[in-house]
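Enquirer: Chains R and Y, in that order, give the protein sequences. Just so you know, we're using my numbering here: the first sequence kicks off at 1410 and counts up by one. Just so you know, we're using my numbering here: the second sequence kicks off at 2 and counts up by one.
Calculated directly from the structure, the hints in this document are not laboratory data. One should not assume that every hint holds.
Here are the simulated EDC-like cross-link-like pairs (lysine to aspartate or glutamate), alpha carbons at most 20 Å apart as the crow flies [as the list claims (entries may be wrong)]: (1) Lys115(Y) x Glu1672(R); (2) Lys1510(R) x Glu20(Y); (3) Lys1510(R) x Asp19(Y); (4) Lys1452(R) x Asp144(Y); (5) Lys1452(R) x Asp150(Y).
Keep in mind that this is a model prediction, so the values were computed, not measured.
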Amino acid sequence: MTAFTSGRALRIFAAASVILNGCFPALWILATAFKSEVELTTKPITYWPQDPTAANFVAAFRDQPLPLYLANSAIVALGATLLSLLLAALAAYAIARLQLKRRGIILAAIVAVSMFPLVTLMVPLFEIMRGVGLLNSYWALIIPYTVLNLPICTLILVSFFQDIPRDLENAAMIDGCTRLGALWRVVIPLSAPGVFTAGILAFVNAWDEFLLALSFNSATAYRTLPVGIQMYQGEFSFPWPTISAALVIAMVPVVIVILIFQERVVSGLTSGGVKG
Amino acid sequence: MNTRPPGRSLRQRLADPDEATLAAWLLAPAFVFIAVIVVYPVLVLLWNSVHDARLLTGQPARWAGLENYALVIADAQFWRALRNTLVIVVVTVPGALVVGMGLALLANTAVRWKGPVRLALLLPWAMPLAFVGLIFAWFFHSDYGIVNDVLRRLGLPTPIWSASAMLTMFAVCIATIWKTSSFMALILLAGLQTIPRSLYEAAEVDGASKWTQFTQITLPLLVPSMLVALIFRTLTAIQSFDIPYSIPGPGEDTQTLAMYIHMNAVDYLDLGYSSALAVVMFGLSMLTTWVYMRHIRGEEAR
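Isolated chain R, as found in the complex (with noise of 0.2 Å):
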């Protein structure tokens, strides 16, 4: 704050190496997409394109079904946000309004659950699912991240829920609304900001998750994006102008998401991170 402010270049310099740190290994990417097998094997390195081509996004589409991976992320990632905002919104529900003995324990009940190692939990997991014949499957990934996702989920919910003011819910039962019907007609509407924030936090989390559906989901037609960037390369060959060109159109939703919804994402994580 004013510890650090002494001039308009220095204000320059701190945002420029902010913005380098976190956006170099993106744009190092999308640079190397666009160089030929040639280009990138010869030495010394160019920073630049010299000859740009696109041939490398051609084979990044021929080598692996990457459409696939992509909607087989997008099925698994919105099943897992849709379920888990309705499970932590039925149960933020009865934490903030009803009236309900040791809400307290409840809610840290299910905060506890981001307690959990998930490493440890992918063991019996992985029997489990076996067992019931769901490996290589949606649902194998869609229950587990719900689960997941559930903590911050209702933490968000319930303190949005919370805000809304009992007048309204209670005016809306007198014309006849049921106690559900004040919760779906009332409460969530009023809370839609909250309900973003942690649509998009769950989205991101189960787009990213790499180890349940590693284990889980080996076959190609249920692999995920971060589990297919990985097929690309074979046990002594790293075709890696392939790699970058496929790592560019995976990066593609991510960034599209961060760029809507930056300041919900920003609250919600800071929130959540203050909150516990």
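With the hints as your guide, set chain Y onto chain R.
Expert: Chain Y only, in chain R's frame:
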């Protein structure tokens, strides 16, 4: 408001239940999911860890007592994986905090380009860990990577990173710090912005240096937001998987505990042994949470 005339039919009560019943119904789905995906698996995990449950043998699970745990203790690869994991924890948790603090202070200074700065802090957070691993593997490529290119331009030796366990771990740690420090920075930035300006002005009047202001005002006021961020950062560092998995090293020398568990469970289908390993990681996580909680209580008591 909850007094209703008694003697309503079951149907009426289902259609319009009293508040406590409704609350129970609303909480039920979440807790059913938690029971199925967390509680039951933890019980299965504990059961497996005391059984010889190797799916490849085709034999039914056999009671094994503490055999699996004895095997864990005698297993050199377990100790190596544990050491690698602890290296990642010890290097990247403070690393992310220090780099994150730097980024937060810089971002707080940058009053101009607020949008791009925020975007630059969000991008590493939003990027899948598996992508980050691949990108940094490319950075550290010994022939065509940018790291070696810069080293060469500076006239320094250019090592073959993937040939040495230590150098690969270095790359893994750098990638992890890059990925996680920006989330840390966002949390710290939110904390920085709640510190009232007047505190600094008062310190200024008293003639305190910038450094004194930082250590006496900024740091102590940031401790609460720092601690919560650190708990989650430590817990995820213990589970490091995606980044070390994506950065090739010499054989299995750079395996982490999570990778070793995954290998035993998914590749070897040895549920007993991988469960015992997972219980060790579980204990490590609980211990971490306990230590932090104790510390937080201590802070609050002061």
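Enquirer: Are the Cα positions of lysine 1510(R) and aspartate 19(Y) separated by 20 Å at most?
Expert: At roughly 14 Å apart (the allowed maximum being 20 Å), aspartate 19(Y) and lysine 1510(R) satisfy the hint.
Enquirer: Within 20 Å, alpha carbon to alpha carbon, are lysine 115(Y) and glutamate 1672(R)?
Expert: OK: lysine 115(Y) and glutamate 1672(R) at ~11 Å, within 20 Å.
Enquirer: Would the pair lysine 1452(R) and aspartate 144(Y) pass a check requiring their Cα atoms to be no farther apart than 20 Å?
Expert: holds, 8 Å
Enquirer: Regarding the pair lysine 1452(R) and aspartate 150(Y), is the alpha-carbon distance no greater than 20 Å?
Expert: Roughly 9 Å between the alpha carbons, so the hint for lysine 1452(R) and aspartate 150(Y) holds.
Enquirer: Between lysine 1510(R) and glutamate 20(Y), does the CA-CA distance stay at or below 20 Å?
Expert: Since the Cα atoms of lysine 1510(R) and glutamate 20(Y) sit roughly 11 Å apart, the hinted pair holds (cutoff 20 Å).
Of the numbered hints listed earlier, not one is contradicted by the structure.
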